[in-house]
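Numbering of the sequence shown is given in our numbering, commencing with residue 1 and proceeding in unit increments.
Where hints are given, some of them may not hold.
Now the in silico label distances, taken between C-beta atoms and shown as ranges [stated by the list, open to error]:
| no. | residue 1 | residue 2 | range |
| --- | --- | --- | --- |
| 1 | Val105 | Val131 | 33 to 43 Å |
| 2 | Glu127 | Leu56 | 14 to 24 Å |
| 3 | Val134 | Val61 | 30 to 40 Å |
| 4 | Glu109 | Val41 | 12 to 22 Å |
| 5 | Glu109 | Pro29 | 13 to 23 Å |
| 6 | Glu62 | Leu31 | 38 to 48 Å |
| 7 | Val45 | Val119 | 15 to 25 Å |
| 8 | Leu108 | Leu77 | 21 to 31 Å |
| 9 | Thr36 | Val60 | 58 to 68 Å |
| 10 | Val41 | Val61 | 25 to 35 Å |
| 11 | Pro29 | Leu128 | 18 to 28 Å |
Honestly, the hints are just simulated from the structure, not real lab data. None of these values were measured; they are calculated from a predicted model. Using N, Cα and C, we set each Cβ at its ideal position, and we do this for glycine too.
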Amino acid sequence: MDGQLDPSASMQSSKSLMFTMDSEESAKPLLVVVVTVLVWVCVVVELVLVTELVELVELVVEMVVEELVLEVLLLELVLEVDVVELVMLEDDVVLLDIVVLVLVVDLLELVLLVLIVDVALVVLVLELLLVVMVVEMDSLELEEATQEVP
1 MDGQLDPSAS
11 MQSSKSLMFT
21 MDSEESAKPL
31 LVVVVTVLVW
41 VCVVVELVLV
51 TELVELVELV
61 VEMVVEELVL
71 EVLLLELVLE
81 VDVVELVMLE
91 DDVVLLDIVV
101 LVLVVDLLEL
111 VLLVLIVDVA
121 LVVLVLELLL
131 VVMVVEMDSL
141 ELEEATQEVP
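Construct the entire structure; sequences and hints are all you get.
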């Protein structure tokens, strides 16, 4: 048996090779399912966090509006003038500038809060699109893997 192969040894190695390929093929769909489930769990957690962020921003907006009303009342007390009359009459330009500056700062706070929520929602939408792409790619790979196995 100098140059000849033993048929039983060749058969044994091909069986072990097929077993290895079968275990890899069966592990691949399981890995796809696990990764898909983990991605969806992350998306759900992030959706909950964004919902909480929106609720928090709503509370902060309410607080800023209340702060704005209180600042107007405080300005009226300190300046001993009605802010509405001050704005309507435009008598004292310096006082009017102070009132406008305070109101503009508060409005900028509101705009910043809205931008934060918008960015969080855009990130969530992009991540959801990424999840859909990953699931589609995984389902195509799973489909190809099941078609290759006779």
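Structure-based check of each hint:
no.: 1; hint: Val105 <-> Val131: 33 to 43 Å; verdict: 40 Å, holds
no.: 2; hint: Glu127 <-> Leu56: 14 to 24 Å; verdict: 20 Å, holds
no.: 3; hint: Val134 <-> Val61: 30 to 40 Å; verdict: 35 Å, holds
no.: 4; hint: Glu109 <-> Val41: 12 to 22 Å; verdict: 35 Å, violated
no.: 5; hint: Glu109 <-> Pro29: 13 to 23 Å; verdict: 51 Å, violated
no.: 6; hint: Glu62 <-> Leu31: 38 to 48 Å; verdict: 47 Å, holds
no.: 7; hint: Val45 <-> Val119: 15 to 25 Å; verdict: 18 Å, holds
no.: 8; hint: Leu108 <-> Leu77: 21 to 31 Å; verdict: 24 Å, holds
no.: 9; hint: Thr36 <-> Val60: 58 to 68 Å; verdict: 36 Å, violated
no.: 10; hint: Val41 <-> Val61: 25 to 35 Å; verdict: 30 Å, holds
no.: 11; hint: Pro29 <-> Leu128: 18 to 28 Å; verdict: 23 Å, holds
In summary, the numbered hints that this structure violates are 4, 5, 9.
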